[in-house]
Amino acid sequence: MLRNGAAGGGPAAGGRAAARPVRVWCDGCYDMVHYGHSNQLRQARAMGDYLIVGVHTDEEIAKHKGPPVFTQEERYKMVQAIKWVDEIAPGAPYVTTLETLDKYNCDFCVHGDDITLTIDGKDTYEEVKAAGRYRECKRTQGVSTTDLVGRMLLMTKAHHSNIDEDLDYRKHTDNFGKGPKGHSPWTGVSQFLQTSQKIIQFASGKEPQPGDTIIYVAGAFDLFHIGHVDFLEKVHQLAEKPYIIAGLHFDQEVNRYKGKNYPIMNIHERTLSVLACRYVSEVVIGAPYAVTADLLDHFRVTLVCHGMTEVVPDKDGSDPYEEPKRRGIFQLVDSGSNLTTDLIVQRIIKNRCCLLNSLEMEPNRASGPGFAVLCFLDNEVTAFAPGGCSGSSVCT
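Under the UniProt record's numbering, the residues of the sequence shown are numbered 1 to 396, in order.
Simulated from the structure, these hints should not be mistaken for lab results.
Backbone N, C-alpha and C fix where the C-beta goes; we use that ideal spot for every residue, glycine too.
EDC-like cross-link-like pairs, simulated, lysine to aspartate or glutamate; straight-line CA separation at most 20 Å: (1) K234 with D212; (2) K138 with D113; (3) K325 with E310; (4) K241 with E282; (5) K138 with E126; (6) K350 with E59; (7) K103 with D86; (8) K206 with E282; (9) K260 with E310; (10) K234 with D334; (11) K325 with D294; (12) K258 with E310.
Here are the computed distance ranges between Cβ atoms for each label pair: (13) P67 with I199: 29 to 37 Å; (14) E322 with G211: 24 to 32 Å; (15) D297 with D114: 45 to 53 Å; (16) K260 with I119: 32 to 40 Å.
Given only the sequences and the hints, what does the whole structure look like? Please build it.
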């Protein structure tokens, strides 16, 4: 078992004086972890005092759904980094049984309001439901693994071709990047609607305390992944009492320096993804690309960190880290990980057929009007209805 420090008690913690702590169980693949997963774990944690998350092995996932994008070790670490998780149980069985709940002394398990089936079509929570040891939480609308896979496969040069390169992105800052039709002009496929309540639910609400080392990091943090977690963990280890502030760039700014179809997640989604990380204390939504003197003074920043990835110059050709370097508070941090969003997209493309076939099996996700799955046919993106790739596909 891998244990984390508890990330604050839920309502149950303050509502019972001497009662035994309520232990809650969640389990899943947690492949391509996104803020929907984090929100499920947040809700589960609020139902008790201690949350244990079982994560399936690569072998189990391959058997029931197809090969995962991330290795089990990557997935274990990714779940560990979610601040509502107290402990993870590596190698959890795909079917949740009473034996598993009893083994970890859990009172009940929590799952979203979507059905999970085994390869032979059985409800994986049938046994615990029958025993009355099952609770349900609301699934986060507007995001799913299917949706993210579709966005990643839609890596076409034409995606941003209708965007005026001279358009000032500040016109979108009032609604955090949303265009006139209610979605981002840069990540227009997203259906997620941000609310202040959701940000409050994810935010820690903790102010920096005397003696804290205030560390500033900035970037896209797109498709928040294990490479980001490795970096933030290393940054967190730089001080005895770190207070990490993550600056997230607006969608058009990210598209300027990353190009292609980036960002895959819009500013709303990236905000929640980063806030869910246990190493991050605060997020600046729509941070300026250049780390200015005003920003450093306003947040009383002690140290500015950047990973080993390339630093793209600002629009005027200047170094965005010029000011922290001048003050002598800039530090490069080697996370030891070479994983980037680009490499994740490459993994998706490599495994696309097995992955898409597994997603077709997920009820309520790979069905309904207008559903289509993206597949590369002759190196071009094409939409096809559920049922598999055609014979001419490069993924057969």
